[in-house]
Structure formats: C-alpha cells, structure tokens
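Engineer: Place chain Y on chain P using the hints.
In the order they appear, the protein sequences are chains P and Y. 1 is the number of the first residue of the first sequence in this note's numbering; add one for each residue after it. 1 is the number of the first residue of the second sequence in this note's numbering; add one for each residue after it.
Quick caveat, the hints were computed from the structure, so don't treat them as lab data. C-beta: ideal position from N, C-alpha, C; glycine also. Incorrect hints may have been included.
To be verified - Okay, the calculated bits of chain Y under chain P, using three or more residues with CB under 8 Å as the criterion:
hint, stretch
1, 8-22
2, 90-99
3, 130-139
4, 248-262
5, 266-272
6, 302-310
Unchecked claim - BS3-like, lysine-lysine: derived pairs with alpha carbons at most 25 Å apart:
hint, chain 1, residue 1, chain 2, residue 2
7, P, Lys23, Y, Lys261
8, Y, Lys240, P, Lys261
9, P, Lys240, Y, Lys261
10, Y, Lys238, P, Lys261
Given next are the chains, with one letter for each unit.
Number of protein chains: 2
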Amino acid sequence: MSIRLGIAGYGNLGRALEMAALKDDDVEIEGIFTRRKPEEVVSLGSSVYSFDDLYYHADGIDVLALCYGSSHDLPDITPHLAECFNTVDTFDNHLMINEYKRRVDRAVSSSGKVSVIALGWDPGFLSLMRLYLSSFLPSPSVNTFWGRGVSQGHTEAIKRIDGVIDAVQYTVPREDALTLASLVSHPLSVTERHRRVCYIVAEKGREDSITDELLSMENYFLGYEVELHFISKEELKKYKSASHRGRVYALGSSGRYGEVKHRAYLDIDIGSNPDLTASIMLASCRAAYRLARENRNGVYTVFDIPPSYFAPVICENVNSYL
Amino acid sequence: MSIRLGIAGYGNLGRALEMAALKDDDVEIEGIFTRRKPEEVVSLGSSVYSFDDLYYHADGIDVLALCYGSSHDLPDITPHLAECFNTVDTFDNHLMINEYKRRVDRAVSSSGKVSVIALGWDPGFLSLMRLYLSSFLPSPSVNTFWGRGVSQGHTEAIKRIDGVIDAVQYTVPREDALTLASLVSHPLSVTERHRRVCYIVAEKGREDSITDELLSMENYFLGYEVELHFISKEELKKYKSASHRGRVYALGSSGRYGEVKHRAYLDIDIGSNPDLTASIMLASCRAAYRLARENRNGVYTVFDIPPSYFAPVICENVNSYL
Numbered sequence: 001m002s003i004r005l006g007i008a009g010y011g012n013l014g015r016a017l018e019m020a021a022l023k024d025d026d027v028e029i030e031g032i033f034t035r036r037k038p039e040e041v042v043s044l045g046s047s048v049y050s051f052d053d054l055y056y057h058a059d060g061i062d063v064l065a066l067c068y069g070s071s072h073d074l075p076d077i078t079p080h081l082a083e084c085f086n087t088v089d090t091f092d093n094h095l096m097i098n099e100y101k102r103r104v105d106r107a108v109s110s111s112g113k114v115s116v117i118a119l120g121w122d123p124g125f126l127s128l129m130r131l132y133l134s135s136f137l138p139s140p141s142v143n144t145f146w147g148r149g150v151s152q153g154h155t156e157a158i159k160r161i162d163g164v165i166d167a168v169q170y171t172v173p174r175e176d177a178l179t180l181a182s183l184v185s186h187p188l189s190v191t192e193r194h195r196r197v198c199y200i201v202a203e204k205g206r207e208d209s210i211t212d213e214l215l216s217m218e219n220y221f222l223g224y225e226v227e228l229h230f231i232s233k234e235e236l237k238k239y240k241s242a243s244h245r246g247r248v249y250a251l252g253s254s255g256r257y258g259e260v261k262h263r264a265y266l267d268i269d270i271g272s273n274p275d276l277t278a279s280i281m282l283a284s285c286r287a288a289y290r291l292a293r294e295n296r297n298g299v300y301t302v303f304d305i306p307p308s309y310f311a312p313v314i315c316e317n318v319n320s321y322l
Numbered sequence: 001m002s003i004r005l006g007i008a009g010y011g012n013l014g015r016a017l018e019m020a021a022l023k024d025d026d027v028e029i030e031g032i033f034t035r036r037k038p039e040e041v042v043s044l045g046s047s048v049y050s051f052d053d054l055y056y057h058a059d060g061i062d063v064l065a066l067c068y069g070s071s072h073d074l075p076d077i078t079p080h081l082a083e084c085f086n087t088v089d090t091f092d093n094h095l096m097i098n099e100y101k102r103r104v105d106r107a108v109s110s111s112g113k114v115s116v117i118a119l120g121w122d123p124g125f126l127s128l129m130r131l132y133l134s135s136f137l138p139s140p141s142v143n144t145f146w147g148r149g150v151s152q153g154h155t156e157a158i159k160r161i162d163g164v165i166d167a168v169q170y171t172v173p174r175e176d177a178l179t180l181a182s183l184v185s186h187p188l189s190v191t192e193r194h195r196r197v198c199y200i201v202a203e204k205g206r207e208d209s210i211t212d213e214l215l216s217m218e219n220y221f222l223g224y225e226v227e228l229h230f231i232s233k234e235e236l237k238k239y240k241s242a243s244h245r246g247r248v249y250a251l252g253s254s255g256r257y258g259e260v261k262h263r264a265y266l267d268i269d270i271g272s273n274p275d276l277t278a279s280i281m282l283a284s285c286r287a288a289y290r291l292a293r294e295n296r297n298g299v300y301t302v303f304d305i306p307p308s309y310f311a312p313v314i315c316e317n318v319n320s321y322l
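Chain P extracted, bound-state conformation (with noise of 0.2 Å):
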C-alpha cells in the first residue's frame, strides 16, 4: 500500500519534497503541477502538469502537498485546494495562524476533506517541544532561538524595499539571550532573543533610504538588534545558504520552595531547510491519509494530531518507539 501524493508548486520546498518522496516506499508520486509551464520545468523524473489540469487528477491522489510561500499564496489557494483535495501545508506566519485555520476550515467542513496546516520545524517540531515541555515540567520557563540561518520572509520583505537589488538576511540568537534562557527562568521575547543580520545588494547611493525604511518595519526589524552590510552582487552569492538551526530551552522547578531544578535543551541543526520540511511534511502526508482513511474531516495543526498518526511505516509498529 502507498499513498498518492500530488506536489502543488515546485521551488526549493517541491523540490526537496520530490526527492524524499522518491527514496519512500509507502509514498508514490501522481504528478507535479506547476503554474510555469510545465514542459520548461525538470523534475527528477515525476510527471509535470499545468496547476490548471490539478483537478482533473483529483481521483489519482490521496493527499496534496501545498509547496508554496505564506505571505501570499498559501492564504489564497488552500482554501480553494481543500474542498476538493486532502492537503498539507508549512504556513509559517505563528501570528497568522488561527486567522489561517479558520479560514481553512471553512473550505475543509462543507467539503469531507483532511487539511493539515503548518507543520514545518517550526511552527511544527519546535511548536512541540514547546507545548510538551510546557505541559510536562513543573512552572515551566520555555525559549526558543532561530538561527543562524536565513529568512525567508524577512529576505523577502527587505527586497521589497525600493533601491534593493538582491538581498539576504540570517536570524541570530544573541549570546546574552541564549545564556539568560539556559539559567534563569524567564520568557524572553523574540527581539530580546534575535538580532538581525542583513546583506543586500543596493542601488547607487540609496543605501540610507534603505537603511531607514528598513528599520522602520514594523514586526520585522523595528525593536530589534539589526546589522546591516551593503555588499557586491558577487559577494552575496556565499550568503545564500540553505542550512539553519533551532534551540528550546525549558526550564522547571519543584520541591516545597521550588529549589528542585530541571532543565531540558533541544537543538536540532538543519543542513538544508528545504529538505528537513520537505522529510516532515512527508510525515505530515501519512498522518493526512490516515485521518482522512477514518472519515476525521477537518483542519488540523500538528497539536490536533496523535503522534502515531505520523510513524514512518504503515504498518503499525509504532509501540516499538515507546
């Protein structure tokens, strides 16, 4: 038995998502669909489609794989997409995503159909470290860092700024934050934990509107440490890495006076930021097909799912893990 998966956009995350799908057994690939056209773009050797044909495969495909941006598209076409199909999604915007799923589930109730929405590492892995750790240890003090490693909706919204050519920019823990979480138990908060790295490529002498418009925006750089390096096209070229990085610290305490301590500390280091989402959103697909097998419709993030819903095999050997 295999599940049928349709990839719906095919960028770095489509892509990566591809080739896991190919080294998996209990997953065939029905087709890629793409809105370029569909005899330009080279897949690793799955069937291309035009995005437009998408529902005439309706039938061949068991889940749907939504491997697009959330500032825009994602908003836009899974709502669409999930009266007709089984999808998964990596909506990453945390403060976006209740918006997010009510809007899915208006699509996802009327149709019978199983939507599980932003599940990458994070939101997704990380989210759950945070829930369980919450949950688990005794007055709980929980902080998560990102990076270093790019962003790309902060790349994104820094070319967007008039007079940028190409741009990049890394989230960073700051040092004085990484030692506070792992010491004292106190919830920082992002700008306290982050400071912000850009490199951008200018136009001639627009570097100080860039610099000011730049600083301004708001839930992206203002209140935040940032540090800025106008460089060369060239020069930008080794800034493009794809490798990031996550950490949680938690810590707890017990014991009459609270004088018992505990202390958990998660760190997973991400060689290609495509390829682990793609992995976990692989996992997202089984976990998808079996909640849609048992007639569960609904919009579901990563909270609302057991976690044997996500073991590797289809075969239930999930207790070996216990």
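Structural biologist: Leaving out everything else, chain Y in the frame of chain P:
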C-alpha cells in the same frame, strides 16, 4: 472548573504528586488512598483514606492517579480500578507495555472509562522524541541514553539477591557510545549504550555469590559492563539520589547521496525523578479528563493522545505554543 483527583499509593511518587497538585489551580485532591493504616500516613494536607474505601469515593473522583511500581502492583491493580475509574499511571517496563495495554484495554472496553498508561519521562516524553524524530528526520537514526541516575527496577533486582542488605544501582551512559551516537548514524543496543554501577551492602562473606548471581541476571545485568562496589550501610546513604538525566541523539541525512546532514539533540536534566514524573502525571490527568469528557473511552499511551490535550490550563489558548 477543576479536575477532582484521587491519588492511589503514597510513596515517593504519590507524595510528589500531592505537592504538584496542591500548586495547580485546575486540580483539587479528593483524597489519598493507602494500603497502610491511614492514621499512620502524614500527608501534606490532603485527606487520607484506606485503599479499601476507594470505591465509596468513585463519584468524587474524575481521574485516579496510580502511584505504584511496575513490577507487580500496576499489572495486578490497574485492570480492576480501570473498571470504575479514569486512571493514569507511569508503568515503565518498556518490554511489557503492549501486554499491559492489552490487559487494561479489556477492563476499559467494558467500563466506558479512560486509562492513560506508561506516561512518565521515559516511557513518555522521551518516547515522543523518538517517534517524532524518527518520523520527521530524513533517513533517521535515533539513540536514547539514561542517566547518570538511579534505576528503581535494577535496585530492586539487586535487593532480591540472597545476602544483599541494601543496594543502589546507577544507570550510566557509556562515553564511547555518546560519542558514537553524536557522529555515526547507527542504532546502538541498550547494553552498548549503558553501563551499570552498583553499590551494595552485603552480609559478611557473601560478596562472591552475590557477584555471580548479579552478573547472570538476564535483562538486568547480563551483557552489560557492570561495576560493583561493596560498601558499608553508612556509605550507601550518600548514593541515594533522586536526580536523573535523559538524552536523545538523532541524526538524519538528505540530498541525492545523503550528503546533507541533520542533527537533533535533546538533553533533560532531572532534579528529582519523582517530582518530574508527578508533574507529567498531572498533565496526563488533564488529558484523561478531556478524553473522558468527550466519551472517548479506551486505553491510551502518549502516542494516542493529541498534544493539545496535555495543555496546562483548561481554557484553550494552546495555539500560543505554535
């Protein structure tokens, strides 16, 4: 709204659970139930009743926490209590969980109750790590290490040997195995990962026979690197420790030739084994309560329960962890 909790068994774990529950607003303690004489048990303030009176309190208890050992008590007691109560326990004999689950399931399926079993820090939290990392990482290899910390099961096993007056057994990760697990994608056996350090108070002249019997105990010491220390009663006191530690090393690889490496590391440093276990048990009580409220009767391991069910407060703002 609060969960009305019964505590069955009042050893280290029962006492730690009472202390944890007294600190939390969403739990109230209906009573502690002991097989000792209730008047001889000094609680931290909760009412103490005879175990034989448990059934009179059935209407006042939403969830009954079973604070007993795994070797004899839980397998004997849980199937009976699960007929009348929603139960949670920390059964921790990894090899026997499936068999235990089947036994409890038979009781629960006729009673309409919920039983959450085998949920502490391992099996429990570290089981989740193993399952998620094995499901999410590409080409995963996962190794778990326990200790340095006292194993109750192994300590009890030594105490059963003829000529042993008292003992403490530490489970200690092998340094060579820790290094290997962080570098090489290869699952190590439990004997390759750990050594066993035993501190024993023996009757005069019994050291040799104790050594022979101990080293030949299957599933406990046979095949392990074992370190034996025969010491005095007085010296043993300083080895009675409640702290423990758990580590999970996971490696993954992606890319066409597996050349892209991913690495995850979890380290949990436990100030007090019973305190952390009690705190996790409280989270299990919340999950059992929610499952029961939805009439989802049955027996559950941590793999069967959606993560959101463990969330610390009854009001559902769980998505803030996403």
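Engineer: Now tell me if each hint is right for this structure.
Structural biologist: Outcome of the hint check:
1. 8-22: Held - the stretch 8-22 of chain Y has 3 residues with a Cβ nearer than 8 Å to chain P, which meets the minimum of three.
2. 90-99: holds (count 3)
3. 130-139: holds (count 9)
4. 248-262: Our answer is that it holds, as 8 residues pass the Cβ test (under 8 Å) against chain P, meeting three.
5. 266-272: With 7 residues in contact (Cβ-Cβ under 8 Å with chain P), the coverage given for the stretch 266-272 of chain Y holds.
6. 302-310: n = 8 at 8 Å, threshold three: holds.
7. P:Lys23 / Y:Lys261: holds (16 Å)
8. Y:Lys240 / P:Lys261: holds (18 Å)
9. P:Lys240 / Y:Lys261: Holds - the C-alpha atoms of Lys261 (chain Y) and Lys240 (chain P) are around 18 Å apart, at most 25 Å.
10. Y:Lys238 / P:Lys261: holds (20 Å)
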